[in-house]
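Here are the chains, one letter per residue:
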Amino acid sequence: MSITIVQYNAGNIQSVLYALERLGVAATVTDDPAMIQAADKVIFPGVGEASTAMAYLKERNLDQLIVSLKQPVLGICLGMQLMCGHSAENDTTCLGIFEEQVLAFKATEVGIKVPQIGWNNIANLKTELFNGVPENSFAYFVHGFYAGLGDNTIATTDYIQPYSSALQKNNFYGVQFHPEKSAAVGEQIIQNFLSLKS
Amino acid sequence: MLTKRIIPCLDIKDGRTVKGVNFEHIKDAGDPIELAALYASQGADELVFLDITATVEQRKTLNVLVNQIAHRINIPFTVGGGIKTEADVRVLLQNGADKISINTAAFLDPTTISRFAKQFGSQCIVLAIDAKCESDNNWYVYLNGGRTKTDKLVADWAREAVDLGVGEILLTSMNHDGTKQGFALDITAQLSENLPVPIIASGGGGTEAHFLDVFTKGKADAALAASIFHYKEVAIPDLKQYLNQKGIAIRI
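For the protein sequence lines, the chains are X and B, in the order given.
Just so we're on the same page, the working numbering is the position in the first sequence counted from 1, plus 17.
Just so we're on the same page, the working numbering is the position in the second sequence counted from 1, plus 736.
No lab work stands behind these hints, which were simulated from the structure alone.
Incorrect hints may have been included.
Stated by the list, open to error - Below 20 Å or equal to it, Euclidean Cα-Cα: the simulated SDA-like pairs (lysine to any residue) are: (1) B:Lys955 - X:Thr125; (2) X:Lys123 - B:Asp899; (3) X:Lys123 - B:Val898; (4) B:Lys953 - B:Ala925; (5) B:Lys854 - X:Val131; (6) X:Lys123 - B:Glu929; (7) B:Lys955 - X:Gly128; (8) B:Lys854 - X:Thr69; (9) B:Lys953 - X:Gly128; (10) B:Lys854 - X:Gly161; (11) X:Lys123 - B:Leu931; (12) B:Lys854 - X:Ser68; (13) X:Lys87 - X:Leu213; (14) X:Lys75 - X:Val46; (15) B:Lys953 - X:Glu126; (16) B:Lys854 - X:Asp108; (17) X:Lys123 - B:Met737; (18) B:Lys955 - X:Ile177; (19) B:Lys854 - X:Ile177; (20) B:Lys854 - X:Ala72; (21) X:Lys123 - B:Gly901; (22) B:Lys955 - X:Glu126; (23) X:Lys143 - X:Asn153; (24) B:Lys854 - X:Asn107; (25) X:Lys123 - B:Asn930; (26) B:Lys854 - X:Thr109; (27) B:Lys953 - B:Leu931; (28) B:Lys953 - X:Ile129; (29) B:Lys953 - X:Asp108.
Could you build the full structure based on these sequences and the hints that come with them?
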């Protein structure tokens, strides 16, 4: 099985590669369209800022490539947000795979910190991405923007309000948390993604 | 619910884990990679690695060690010590660090913070503050691993740094560090209640009750400790069970 990790101007890409290595799986980090197109599974990771990332993807026509993919694709954190329609982060038009919109967390009371940093529960788990993952498992989050709830929501998390901690539409999956940093729970989710039928 | 974090800290000197008392009397405490893997398996929520000699000896943090840690452990970790330039940060992040911690260099040139935040994102920029309460009852910022006093108040520096873009603050009380007499609750609560970023409390954790206090009275988002974990005086699974029973949101 060939796995490619989409390389672009976002952080944390190595961490995904190392997480796969810990599971005994080799992957290629690349921005080569032909290699991405030919892969059995594509991972679209990222920590960073939405408008800068989108501009980079557009420059290299990776935006059109990603939406055209037919194999299972997993967006992580910023990667998931970029798969939504629009992000409030610098008013950015995104890839439009998921209809859900990306909004900014607004601290509503003293003691609520933005960005959310740390371990929070994932609940209302749907699809085989969460096979063997108990309801209310903990995953590691670092984010100041969130995708709202919608038809594509396959996991929810509560911070200030409930939001989509995972989305799915057709062959596209997205997780707001970092499975590559979420201990055994994250490893199970990555394993489940790798087991999806192409 | 977002949980409070327990963060073991590994002070690194010459590739080994060490621990001092009040920033002095350094003792060897083991292989950092083995310790890191042990803590991750025990339920630590994050790890911090501080290259404690880096600033003083003008050494760069050990990128090879960071890379080995990133390959081995499956939870987030922060690396600090002697970080000055964008190139320093980039190489650490490329080697698998999730966040970097800055201290003296940020104080000497605060534009460091805004430059790093713009390029790498606030979420990966942790400001470490070494704080000491003086006889005038004010908390002052210290630099160079606690060797150099400044006239800057901790609360002022923390506010300035948040405005410049730091994503978290790691607050170490030099008065409490290594004493095992409890965390500095007042200054921790003051920062946590007045700033919109998470506060990691450090220095003085000696018992399970001290951690309860720093989350309730100290309003900390995370608590960091070193020697009590290294020398097995407090076990992370027991600590987390205790906090859970006391009603603290914690990842079990």
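Do the hints match the structure? See the list:
| no. | hint | result |
| --- | --- | --- |
| 1 | B:Lys955 - X:Thr125 | holds (17 Å) |
| 2 | X:Lys123 - B:Asp899 | holds (17 Å) |
| 3 | X:Lys123 - B:Val898 | holds (17 Å) |
| 4 | B:Lys953 - B:Ala925 | holds (7 Å) |
| 5 | B:Lys854 - X:Val131 | holds (17 Å) |
| 6 | X:Lys123 - B:Glu929 | holds (16 Å) |
| 7 | B:Lys955 - X:Gly128 | holds (8 Å) |
| 8 | B:Lys854 - X:Thr69 | holds (11 Å) |
| 9 | B:Lys953 - X:Gly128 | holds (13 Å) |
| 10 | B:Lys854 - X:Gly161 | holds (15 Å) |
| 11 | X:Lys123 - B:Leu931 | holds (14 Å) |
| 12 | B:Lys854 - X:Ser68 | holds (13 Å) |
| 13 | X:Lys87 - X:Leu213 | holds (12 Å) |
| 14 | X:Lys75 - X:Val46 | holds (18 Å) |
| 15 | B:Lys953 - X:Glu126 | holds (18 Å) |
| 16 | B:Lys854 - X:Asp108 | holds (17 Å) |
| 17 | X:Lys123 - B:Met737 | holds (16 Å) |
| 18 | B:Lys955 - X:Ile177 | holds (18 Å) |
| 19 | B:Lys854 - X:Ile177 | violated (26 Å) |
| 20 | B:Lys854 - X:Ala72 | holds (16 Å) |
| 21 | X:Lys123 - B:Gly901 | holds (17 Å) |
| 22 | B:Lys955 - X:Glu126 | holds (14 Å) |
| 23 | X:Lys143 - X:Asn153 | holds (12 Å) |
| 24 | B:Lys854 - X:Asn107 | holds (13 Å) |
| 25 | X:Lys123 - B:Asn930 | holds (16 Å) |
| 26 | B:Lys854 - X:Thr109 | holds (17 Å) |
| 27 | B:Lys953 - B:Leu931 | holds (16 Å) |
| 28 | B:Lys953 - X:Ile129 | holds (16 Å) |
| 29 | B:Lys953 - X:Asp108 | violated (39 Å) |
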